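*Asks:* Taken in order, these protein sequences are the chains called A and B. Count the first sequence with this note's numbering and you get residues 1 to 162, in order. Count the second sequence with this note's numbering and you get residues 1 to 478, in order.
Bear in mind the hints are in silico, worked out from the structure with no lab data behind them. Quick caveat: nothing in here was measured; it's all calculated off a predicted structure. The reader is advised that the hints may include incorrect statements.
Stated by the list, open to error - A few chain B residues that don't get close to chain A, going by computed Cβ distances all over 12 Å:
#	residue
1	G159
2	R259
3	V271
4	V430
Said to hold, decoys possible - Some, not all, of what chain A presents toward chain B, calculated at C-beta under 8 Å:
#	residue
5	E3
6	L4
7	I6
8	L8
9	Y13
10	L16
11	L17
12	V21
13	S23
14	A24
15	W121
16	V139
Just so it is clear, CB atoms sit at the ideal spot from N, CA and C, and this is done for glycine as well.
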Amino acid sequence: MSELTITLLRLGYLALLWIFVLSAIAVLRRDLYGTRIVERRAARKRAAAPEASAPEAAPAPRQQRTQNLRLVVTEGPLTGTIVPLASSSVLIGRAPGCTLVLDDDYSSSRHARIFPQGGAWFVEDLGSTNGTFVGDQRVEAPTQLATGTPVRVGQSVIELQR
Amino acid sequence: MTTIEPHRVRAGRGTELGLLAIALIIGIGAYALVGLGVEGEVPPDVVGYAAGLVGLALAMHVVLRWRAPYADPVILPLTVALNGVGLAMIYRLDLAYAAKPNHDHGFAGRQLAWTAISVALAAIVLILLRDHRTLRRYTYTAMVVGLALVALPLVPGIGQQINGARIWVRIGPIGMQPAEFAKIALAIFFAGYLVTHRDTLALAGTKVLGLQLPRARDLGPIIIVWAASLAVLVLERDLGTSLLLFGMFVAMLYLATERLSWVVIGLLLFVGGAAVAATAFSHVGARFEAWLHALDPDVYSRTPGGSGQLVQGLFGMAAGGLFGTGLGQGRPDTVPYAESDFIVASLGEELGLTGLMALLMISLVLAERGLRTAIGVRDGFGKLLAGGLAFVVAFQTFVVVGGVTRLIPLTGLTTPFLAYGGSSLLANWVIVALLLRISNDARRPAPVLSALTPAGGIPALDEPEGDDEPTERIRTVR
Chain A
1 MSELTITLLR LGYLALLWIF VLSAIAVLRR DLYGTRIVER RAARKRAAAP EASAPEAAPA
61 PRQQRTQNLR LVVTEGPLTG TIVPLASSSV LIGRAPGCTL VLDDDYSSSR HARIFPQGGA
121 WFVEDLGSTN GTFVGDQRVE APTQLATGTP VRVGQSVIEL QR
Chain B
1 MTTIEPHRVR AGRGTELGLL AIALIIGIGA YALVGLGVEG EVPPDVVGYA AGLVGLALAM
61 HVVLRWRAPY ADPVILPLTV ALNGVGLAMI YRLDLAYAAK PNHDHGFAGR QLAWTAISVA
121 LAAIVLILLR DHRTLRRYTY TAMVVGLALV ALPLVPGIGQ QINGARIWVR IGPIGMQPAE
181 FAKIALAIFF AGYLVTHRDT LALAGTKVLG LQLPRARDLG PIIIVWAASL AVLVLERDLG
241 TSLLLFGMFV AMLYLATERL SWVVIGLLLF VGGAAVAATA FSHVGARFEA WLHALDPDVY
301 SRTPGGSGQL VQGLFGMAAG GLFGTGLGQG RPDTVPYAES DFIVASLGEE LGLTGLMALL
361 MISLVLAERG LRTAIGVRDG FGKLLAGGLA FVVAFQTFVV VGGVTRLIPL TGLTTPFLAY
421 GGSSLLANWV IVALLLRISN DARRPAPVLS ALTPAGGIPA LDEPEGDDEP TERIRTVR
């Protein structure tokens, strides 16, 4: 076989190697462009900032219509997690069966419950060891939750947001 | 930690098939070019060889379609490409060895057999291991197994000392390097251990100069692993494995805690250990000497422990230049252990800088896919395991290539997928199988959380409780 063919094959093989590398990278392009990456720390800062800039929605929804309401974890290992609220209550704790499973050594397995009643949302402590706090107040009986009030469960802080 | 909002998920099995085709052309093309370069004709058995490689790759692809349909589409083709190029290079060296009198040869056939066994084992792992979280149950079993594997070569009778390092175990006709498997077992242990203890390791302690220092009593595990890797260095005289295990642990500690202080502590401990080892043990000292003064004539010609092999490898790569001599047209066989420790130098000579860079890029993308899997997967154990395994593949490549190119002292590790060695090939294919399994979990469409909201506050326990349950259910972030 001629020298030229050998050289062409040699260079062609190198080109093939790079074609492979580049096509593998092309497949990964989706990972680099267009993905929304949110730093948890940044999310925490943003969540801690006052919500004043957000226009307050008209507070006259029908009783069962609590759409757009959600629980947001603003502190703790799960910072940034969002639980959309429907018309059913939300169980918070470490047990795998809870709606919001906290990976938090300071929370009890079934720590607290957040439930709707008469168009408002209430938080109730389920006999947890470290207690549930609304602001600085320990929750003894079901307490009504206003949007933006921090609820401390173990090391995590959860807020009701609209 | 960072949360990534996923795109609409494409399973990517079709893409995988396409990339697999190119990877197979690379492997088979290399084999044909070796025949052309050495003997002037395409090897007569190229069709059978091609059929074998295609069969293995397709079998793995079918297993993925069956058992892990959302697995990462790039990992398997990259692995197949590296393995194919390695096989062709070993075959090329084998042809040169066979022409020499009194030279051991027959590596290519054995490597091909090991490839088949490795692919089969990877497929078995994918079929049997339905959920990587099952491995978390065996955290401490994995620790015992890992430490036992590391210590196995010291057992008299089955342990063997080859070329000064006591890292071989020979039972009957089969020789193994158990440390290669130990790295998988220890990765499982580290992941399981750290996922439960990371809070204490990350949060407790005082801050000094912007570094969050851990408490003294939390230093226990890192000290133990450091001592174990030093013991490997002293008792088995194996610098590479010791570096690899310690590096993996430090990397996983960093992944788990996000505390730079662990990296600083790890580096300080390692530099201290290495400095002591270099002065106290002659074999480590000789490695440093050969690294720093490689081109001194008396260091070059010293046997054993001289820099002759290293410098010949450098000469080989220099002879290759930018575009290489072409497969089968260089003289890589003059370097001792050109098929195992110095396969990178052999490839550098025949494929040149361009080809070697492409191969390093393939390794890099492979590691990147592992780390991407770690970001994407939703449970902490999977994150740490995928991150640790990806790191260990990348780190091993770095240590070998760095050693051969004289960036760091040479250590006796094998290049993942490229170098000759059954244990290394088996272990790395198992790592790939684990990464594929975890990536299947990472890329699978996330379960919708609102569907989990139970009616009336009573949690719907339709799934069984236990270790298989995710401990973290994270959906998206604004």
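*Asks:* Next, verify each hint and record whether it holds.
*Replies:* These are the hints, each one checked on the structure:
1. G159: The claim stands: G159(B) keeps its Cβ more than 12 Å from every Cβ of chain A (closest is about 40 Å).
2. R259: Its Cβ never comes within 12 Å of chain A, the nearest being 14 Å, so this holds.
3. V271: holds, 31 Å
4. V430: holds, 22 Å
5. E3: violated, 10 Å
6. L4: Since chain B brings no Cβ nearer than about 12 Å to L4(A), farther than 8 Å, the hint is violated.
7. I6: holds, 6 Å
8. L8: Where the cut-off is 8 Å and the nearest Cβ of chain B is about 11 Å from L8(A), the hint is violated.
9. Y13: Result: holds, 6 Å to nearest chain B Cβ.
10. L16: holds, 6 Å
11. L17: Status holds, d = 4 Å.
12. V21: With Cβ-Cβ at 5 Å, under 8 Å, it holds.
13. S23: Holds, about 6 Å.
14. A24: holds, 5 Å
15. W121: The hint is violated - W121(A) has no Cβ within 8 Å of chain B, the shortest such distance being about 12 Å.
16. V139: violated, 16 Å
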